[in-house]
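Number of protein chains: 2
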Amino acid sequence: MLYIVGIGPGSRDIMTQEAIRAIKQSEVIVGYKTYLKVIEDMLQGKETVSNGMRGEVERCQKAIKIAKKGKTVAMISSGDAGIYGMAGLILELVDKEDAEIEIKVIPGVTASIAAAAKLGAPLMNDFCHISLSDHMTPWKVIKSRIDAAAKADFVICLYNPRSSERPELLKEAMDIITKYKSDETVVGIGKDVARVNETEKVTTIKELNYEEINMTTIVLVGNKHTYIANDRMITPRGYEI
Amino acid sequence: MLYIVGIGPGSRDIMTQEAIRAIKQSEVIVGYKTYLKVIEDMLQGKETVSNGMRGEVERCQKAIKIAKKGKTVAMISSGDAGIYGMAGLILELVDKEDAEIEIKVIPGVTASIAAAAKLGAPLMNDFCHISLSDHMTPWKVIKSRIDAAAKADFVICLYNPRSSERPELLKEAMDIITKYKSDETVVGIGKDVARVNETEKVTTIKELNYEEINMTTIVLVGNKHTYIANDRMITPRGYEI
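The listed protein sequences derive, respectively, from chains V and W. Using the numbering used here, the first residue of the first sequence is number 1, and each one after it goes up by one. Using the numbering used here, the first residue of the second sequence is number 1, and each one after it goes up by one.
Bear in mind the hints are in silico, worked out from the structure with no lab data behind them. Heads up, some of the hints might be wrong.
Identical copies look the same in the list; a pair holds intra-copy or inter-copy alike.
No more than 25 angstroms apart at the CA atoms, straight line, and that leaves these computed lysine to aspartate or glutamate pairs for DMTMM-like [what the hints assert, rightly or not]:
#1 Lys71 x Glu47
#2 Lys71 x Asp95
#3 Lys65 x Glu172
#4 Lys118 x Glu102
#5 Lys224 x Asp147
#6 Lys68 x Glu240
#7 Lys104 x Asp192
#8 Lys71 x Asp13
#9 Lys224 x Asp175
#10 Lys224 x Asp134
#11 Lys191 x Glu102
#12 Lys118 x Glu100
#13 Lys140 x Glu240
#14 Lys96 x Asp231
#15 Lys118 x Asp13
#16 Lys191 x Glu56
#17 Lys201 x Asp98
#18 Lys191 x Glu207
#19 Lys37 x Asp13
#20 Lys151 x Asp175
#21 Lys24 x Asp13
#22 Lys96 x Glu240
#23 Lys151 x Asp134
#24 Lys118 x Glu56
No experiment lies behind these values; they were computed from the predicted model shown.
Can you make the complete structure from the sequences, with help from the hints?
Spelled out as structure tokens, the structure:
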């Protein structure tokens with residue numbers, strides 16, 4: 001049995017019942033070392049398999065190999081395993097190898113939803129998720145999605161917004177967005193949400209401090225109706241009040 | 001204290017720790033009657049306030065009024081309270097009334113994420129959420145968003161896909177989508193996900209049976225790389241395997 005478990009962005013508080021149960025029931029826990037640290041207290045008596053960033057394919061192959069031996073394995077993803085996480089890669093590899101193992105994907109709270117709750121209610125109308133990581137999706141494709149999302153006035157959730165290798169991409173993204181949205185558009189920033197040093201900030205595109213943003217930050221760009229009240233970011237659903 | 005609680009789509013399994021705690025700690029539970037039924041066993045000894053569909057503004061006003069009296073109140077939303085839920089309306093009303101109450105939004109697993117986990121891994125690349133309910137957003141705006149999302153090849157999650165009043169909107173949406181996406185594009189359907197009679201189905205736009213879809217269904221339309229393997233819907237993240 002191979003569970004693919006989304007553990008949420010960090011805090012045990014926003015982990016689901018099912019995720020906790022799957023980890024408890026598993027003999028072997030596989031995951032990126034940073035995420036295993038988050039659930040350290042749940043790992044006693046269990047075998048753990050971890051590696052570093054960019055080792056995703058090898059990590060998933062190991063998890064499948066162990067599950068094929070008949071062990072109960074939990075593959076850990078941060079947030080939700082199906083959103084830029086490990087669920088897709090596991091299923092792709094299982095298909096390719098024609099591996100006969102039982103698989104269950106266990107959903108979790110993804111970072112944008114956790115950040116949104118802390119920031120107010122920015123996702124109350126139609127929204128997009130776009131990852132600015134151009135390792136696996138060409139920057140040209142990502143740019144075309146940012147353009148389309150801004151033009152149709154979606155609320156935009158940017159994942160992996162600013163890497164040390166490509167810090168300029170976020171500014172490029174904002175330059176595309178401001179072709180259509182005002183630079184007074186509300187922006188919410190959630191950094192290390194549900195972790196020890198979490199910070200949230202509500203600002204505007206114009207006032208954005210790019211230096212504050214890194215890869216553990218979620219950037220939420222509002223639509224034209226999004227406003228700030230009591231330091232919270234609110235996108236109206238459209239009720240008449 | 002007013003907690004705005006996302007209870008997930010149904011099953012207690014995918015409720016978060018924090019949501020359960022907030023409900024336990026609350027003296028008064030407010031919510032749409034269908035959602036209160038889901039947590040019926042948690043309501044013993046508590047005051048409940050509920051009403052029917054379309055009574056959202058009144059329901060939120062009541063919750064605020066009770067919280068202002070100093071009671072601990074939980075306002076219940078299905079899925080995540082910040083995604084087409086009650087978080088935005090509560091914050092809008094609190095701002096308008098200038099109500100001095102403490103508010104905490106507690107995130108939950110939204111229906112698309114729960115459906116995606118059951119269907120495979122459809123949301124592994126950039127995606128949009130669009131509600132087809134035109135009560136509060138003009139159909140023209142919704143159509144422009146569907147057009148933009150399809151053109152830029154987002155995976156598209158359709159909420160409220162087919163009402164009895166406006167059953168034709170889903171077909172209209174698919175007609176826009178097939179201007180850009182092939183009618184062989186994979187579609188995942190999650191109906192009553194995490195509830196008693198849940199069903200999932202992986203199909204294509206061409207093979208879609210509109211009659212099967214209602215307001216408690218989530219429709220996930222893949223991107224051009226989405227494929228079916230072992231009856232699961234997989235959108236590749238882009239790893240070379």
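Checking an output row: Lys191 and Glu207, CA cutoff 25 angstroms. Within, between, both or neither?
The answer is within: 17 angstroms in one copy meets 25 angstroms, while 43 angstroms across copies does not.
Regarding Lys224 and Asp175, is the shortest C-alpha distance of 25 angstroms or less found within a copy, between copies, in both, or in neither?
Result: close within a single copy only, 16 angstroms intra versus 27 angstroms inter.
How would you label the pair Lys224, Asp147 (within, between, both, or neither) given a Cα cut-off of 25 angstroms?
both (15 angstroms within a copy, 19 angstroms between copies)
Same-copy or cross-copy closeness of Lys118 to Asp13 [CA-CA at most 25 angstroms]:
both (14 angstroms within a copy, 23 angstroms between copies)
Evaluate Lys118 and Glu102 at a C-alpha cut-off of 25 angstroms and name the case that applies: within, between, both or neither.
For Lys118 and Glu102, only the inter-copy Cα distance (13 angstroms) is at most 25 angstroms; the intra-copy one is 36 angstroms.
Is it within, between, both or neither when you check Lys68 against Glu240 at 25 angstroms Cα-Cα?
The answer is between: 22 angstroms across copies meets 25 angstroms, while 56 angstroms in one copy does not.
Lys151 and Asp134: within-copy, between-copy, both or neither at 25 angstroms Cα:
both (21 angstroms within a copy, 20 angstroms between copies)
Could you place Lys118 and Glu56 in one of the four classes (within, between, both, neither) given a Cα distance threshold of 25 angstroms?
between (30 angstroms within a copy, 22 angstroms between copies)
Within, between, both or neither: how does the pair Lys96, Glu240 come out at a Cα-Cα threshold of 25 angstroms?
So Lys96 and Glu240 pass the 25 angstroms test across copies only (12 angstroms; inside, 52 angstroms).
Within, between, both or neither: how does the pair Lys71, Asp13 come out at a Cα-Cα threshold of 25 angstroms?
between (28 angstroms within a copy, 23 angstroms between copies)
Taking 25 angstroms as the upper bound on the Cα-Cα distance, should Lys224 and Asp134 be classified as within, between, both, or neither?
between (27 angstroms within a copy, 18 angstroms between copies)
How do Lys96 and Asp231 come out at 25 angstroms by Cα distance, when the copy is not named: within, between, both, or neither?
between (49 angstroms within a copy, 14 angstroms between copies)
Checked against the numbered hints above, the structure breaks only hint 3 and satisfies the rest.
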